[in-house]
Amino acid sequence: MNEIVRYSALRKTLNGELLLDIEVLEIHEHSCVALSGRNGVGKSTLMRIIAGLETPDSVTVILDGKALPWRRACQQLRTHVIYLHQQPYLFDRSVTDNIAYGLRQQKFSLKEISSRVAEALDWAGISHLQMRNARELSGGERQRVAFARARILSPRVLLLDEPMTNMDSEAREQACRMIKRLKDDGVSILLATHEFHTVAHLCDAHLSLESGNLRPQLIDTQSGERKIIPYG
Amino acid sequence: MDSLTAATAESFRLLFSGDAALWIIIFTSFSVSVRAILIAAPFAFVVAFLMAHLRYPGRRTMIAGFSALQSIPAVVVGLTVYLVFSRSGPLGDLKLLFTQSTMVIGQMLLSFPLLVALSHAAFQAADRRVWETSITLGAKPYRAFLTLIYEIRFGLIAAFIAGFGRIIAEVGCSMMVGGNILGYTRNIPTAIALETTKGEFAQAIALGMVLLAMALLLNGMLSFFQGRGVMTS
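Going line by line, the protein sequences match chains G and U.
Per our numbering, the first sequence starts with residue 1, numbered consecutively.
Per our numbering, the second sequence starts with residue 1, numbered consecutively.
It should be emphasised that the hints constitute simulated quantities derived from the structure, not laboratory data.
Worth double-checking, as some hints may not be accurate.
What the hints assert, rightly or not - Here are the simulated DSS-like pairs of lysine-lysine, each with C-alpha atoms no more than 30 Å apart in a straight line:
| id | chain 1 | residue 1 | chain 2 | residue 2 |
| --- | --- | --- | --- | --- |
| 1 | G | K66 | U | K140 |
| 2 | G | K183 | G | K107 |
| 3 | G | K183 | G | K111 |
| 4 | G | K183 | G | K66 |
| 5 | U | K140 | G | K183 |
| 6 | G | K66 | G | K107 |
| 7 | U | K95 | G | K111 |
| 8 | G | K107 | U | K140 |
What the hints assert, rightly or not - Covered stretches of chain G (in silico footprint by chain U; criterion: 3 or more residues with CB under 8 Å from a CB of chain U, positions within the stretch not fixed):
| id | region |
| --- | --- |
| 9 | 58 to 64 |
| 10 | 69 to 83 |
| 11 | 88 to 99 |
Backbone N, C-alpha and C fix where the C-beta goes; we use that ideal spot for every residue, glycine too.
Go ahead and model the full structure; you've got the sequences and the hints to work with.
Structure below.
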C-alpha cells in the first residue's frame, strides 16, 4: 500500500501538559486503521490535527513523498482529508443542500452538483429524505447524511471520530456497512474508538494511543493469525 | 384638556393626509438610521466573530469594553463627533458638521458596541462544529464565516434589530451633530423635542405615534427572532 501522508515527531501540548508525542504516523492508501485509547488521551486532538483543524507544536509532514511545511500541508490536505465529528453537525438546511455543500465550495456546475448529489443520496439510501431539513432527522439518518456528504467529495482520507458512540445496534451495523463500502471505494479510514471489538472486522491495523504515543496492537489477520501489524 | 384633544385629532389628520413636512421628517429618520445600521452591522459582526473565534491577549478586556460601551449616553457620542467635525476639530476641513453624514457616523458609533456585544453572544453560543465542518468540507474561511452567519442568523437579526432600535429613537447625538435642520437633518426625535418646546403638540404627537409604533414593532420582531434561537439536538 502506498503511503499518502506521514507525520513525524508530532508534538502537542494542552494546558501546559504534553498530550501527544508521536514518533511517526503513516496513513496508507486503501487502509482502515483503528485508533483506540481511553477517554481524554488525545484521539480527537490527533484527528483534528490530521484534518488541519488544530495546529501541533511541531511536526514534519511528508505528503505523497514530499516534505511540506505545516501550513502548506494543511492547505493541500484540506481537499483530501475529511473529519467527521463524533456527532456530525448538519447545517440548518435540506438534506440535499447539506450533501451539496462541499461541491458548492469547489464551484462545481449546478448540473454536476445535481447528478452527484442524486448519486450520493442513492448510495446512502436516503433519497426519500432529500427535501427534509437535516435537523429533523434521527441519529442514524444524520450519520448517513454525514457519510454521503463526505463521500461525495471523494476524499483520500476519512477521519471518523467515535462514529458508533450512542448508537443502537441497528444504526451501528448500518454505520459499519457504510464504512466498509467507503473502504471498498478506496478511501483510507482512520477510525477513533474506545470499543475496538465493534470495528475490528473493518480494520487492517490497530493503534493504541497511550501516554501520548502510538503503539501497534494485536489484530486478527485475514488468514486467521493474531499478530501485530507494523503501522506507523 | 381641550387643546390636547384638538392636538391629537390634528396629529391624526397630519399623519393620514400625507403632510409633506411630517413625512420628510419620518423619511430622514429612517434614511439616516438604516444607512448607519447597514454600515455598522457587517463590521460589528466581523469584530464579534474574531472575539469569539480567536484567542489573543486583551480579548477579555475588549469584550468587557464593548459591554461597557453599550450604555454610553447618546449625547456623549454626539459631543465627541461634534468636536471631531467642528471647524477647529481634526476633521473640520471635511465640513461635514450638520449634515446627514455626521448623523450617520454618530449613529454608527452609537449602535456599534451594542451590535458587537449582542452578536458576540450569538457567535459565542454557536456550535464550534459549524466552523470545523465547513472547513473540513473544503470551505474557504470567508465561506465558513458566511455559513456560520447563516446558522446563527436569528441571534444576529435580533442584534441588528436591537441596534436599530437604539438609534432610531436617540435624540442627543442627532441634535448635536445634525443641527435639526428642517427638510435635511431633522428626524423624528429631534422634531418631537423641538415641536414640544414650541407648544406645537400636533406634529409632536403624530411623530410620537410613529416612533411608538416602530418601537413596538421592533420589540415584537426581537421577541420573535430571539424565540427562534432554539437549542440544536
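Here is what the structure says about each hint:
no.: 1; hint: G:K66 <-> U:K140; in the structure: 24 Å, holds
no.: 2; hint: G:K183 <-> G:K107; in the structure: 27 Å, holds
no.: 3; hint: G:K183 <-> G:K111; in the structure: 27 Å, holds
no.: 4; hint: G:K183 <-> G:K66; in the structure: 25 Å, holds
no.: 5; hint: U:K140 <-> G:K183; in the structure: 28 Å, holds
no.: 6; hint: G:K66 <-> G:K107; in the structure: 28 Å, holds
no.: 7; hint: U:K95 <-> G:K111; in the structure: 55 Å, violated
no.: 8; hint: G:K107 <-> U:K140; in the structure: 12 Å, holds
no.: 9; hint: 58 to 64; in the structure: violated (count 0)
no.: 10; hint: 69 to 83; in the structure: holds (count 5)
no.: 11; hint: 88 to 99; in the structure: holds (count 4)
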